[in-house]
Structures are given as structure tokens and as C-alpha cells.
Amino acid sequence: DTEVTQTPKHLVMGMTNKKSLKCEQHMGHRAMYWYKQKAKKPPELMFVYSYEKLSINESVPSRFSPECPNSSLLNLHLHALQPEDSALYLCASSQEGQGYTIYFGEGSWLTVV
Amino acid sequence: AQSVTQLDSHVSVSEGTPVLLRCNYSSSYSPSLFWYVQHPNKGLQLLLKYTSAATLVKGINGFEAEFKKSETSFHLTKPSAHMSDAAEYFCVVINTSGTYKYIFGTGTRLKVLA
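Protein chains in written order, with my numbering: chain A, 24 to 136; chain B, 8 to 121.
Pulled out of the complex, with its shape left as it was, chain A reads as follows (with noise of 0.2 Å):
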């Protein structure tokens, strides 16, 4: 099973508002990304966790706050968005350490308004 689980599949949000997307795996993978992706774009990427712990935050704005509750959910916290934070948002996974595949989830696409 090679699944990323990601939620909600669609949100609209007003930019004083505060939302979460949502993201879990099954596949025993300790490591999980959160990207960004505009329109036409590659993904960005904007942060890391290892073992649950952040390792890598790409100078995200903090209106965008991650949390690994434990190994398998991934939650990205958004707060006073702006209309230019609005894009698909992907969440993906690997083994921990080097070579490995990274699976992707569907994605959430946030419009921002």
C-alpha cells in the first residue's frame, strides 16, 4: 500500500480565517513533506519532518505552521492567508535516509479569498 491520505480535498478559506489540512500514511515512512505547487509549477517544497521532528523549514511565513502529532499524521496549520497562498497543496513521504521514493497524496487545493 503506497497511500498518502490527504484532507480536505478542497477549501475555501477568508483570509482572516483559520483552517487545517490534514495528511496520514500507513506506509511505515518516517519522514513527511509538506510542498506547495502553483499552476504549471513544480512543487516547492516548505517543510520537513523526521522522526516527527522539523528538519527542514524552506523560510515558509509563519502563517503557515506544521505539526507531526506522531508518525503517521502531518497537519498544516494556516492562519491570515493571503488570495497569493492560494494553490495545491501536497503532502508526501519516504523511508528515512537516502535514495528512498517519496509517495505524494492527492493534494488539498485551497482558494484563498
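Hints are not guaranteed to be accurate.
Computed cross-link-like contacts, SDA-like style, restricted to lysine to any residue with a CA-CA straight-line distance of at most 20 Å [said to hold, decoys possible]:
1) B:K118 - B:M90
2) B:K65 - B:V26
3) B:K108 - A:Q118
4) B:K108 - A:Q60
5) B:K118 - B:G23
6) A:K64 - B:N48
7) B:K49 - A:E47
If you are wondering where the hints come from, they were derived from the structure by calculation, not from laboratory data.
Keeping the supplied structure of chain A fixed, place chain B upon it in accordance with the hints.
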């Protein structure tokens, strides 16, 4: 530092004809290379992966890719295109200086004509 270049932003083929999507990489070390496909409004799906075993890698849906070290290339091919192959394709290399930086090419949009 590693990098990957997808040589064509758009490729159009007729249904039933061969597909060639080109990818060149730059790496100081033996790289791990991947091809992913993204259908409209979907996430990324792994097509195939090279990790220094066989240089010809077979993937899903009839795709394959050949690792050519002398040419620093990892081109994706399929003998006969199907309408369902229309999608965005990404070539990806892992940055071996860290375990988490998967470096994406800019993507190639494949159009399949009936």
C-alpha cells in the same frame, strides 16, 4: 549541487506514436532519478525510479527510461501513446548532500492527439 533540466516544456504526439520526454541531470555523485506523472487536478504518481541497478528502468503503464551516464540523461519513453497519457511529467533527482531535497525539473506537458 544537483540539478535537473527538462528540455521540452510541451510535447505533442499522435495517439499510437512513440513518446520521448527528455531530461538531463547534473550530479557530482551517482544520482537517484525519478519520473513522476501528474494528471489534471491530481497529485504526483511515481512512474519509475533509477538507483544504480539496471540502466534501463521499466515503469508503470508501459513507460521506461534509460540512464546514460556519459550523456547525463534520463529520458522517458513509451512505444505507443494513449490518450490517457496526456498529463504533466516531472523528472526528479535527489540532492545527495541532504536526504530530503528532491529537485524537480520544470515539467513537460504531454498532449496526445486523436
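Comparing the hints with the structure gives:
{"no.": "1", "hint": "B:K118 - B:M90", "in the structure": "holds, 8 Å"}
{"no.": "2", "hint": "B:K65 - B:V26", "in the structure": "holds, 14 Å"}
{"no.": "3", "hint": "B:K108 - A:Q118", "in the structure": "holds, 13 Å"}
{"no.": "4", "hint": "B:K108 - A:Q60", "in the structure": "holds, 16 Å"}
{"no.": "5", "hint": "B:K118 - B:G23", "in the structure": "holds, 12 Å"}
{"no.": "6", "hint": "A:K64 - B:N48", "in the structure": "holds, 13 Å"}
{"no.": "7", "hint": "B:K49 - A:E47", "in the structure": "holds, 17 Å"}
Checked against the numbered hints given earlier, this structure breaks none of them.
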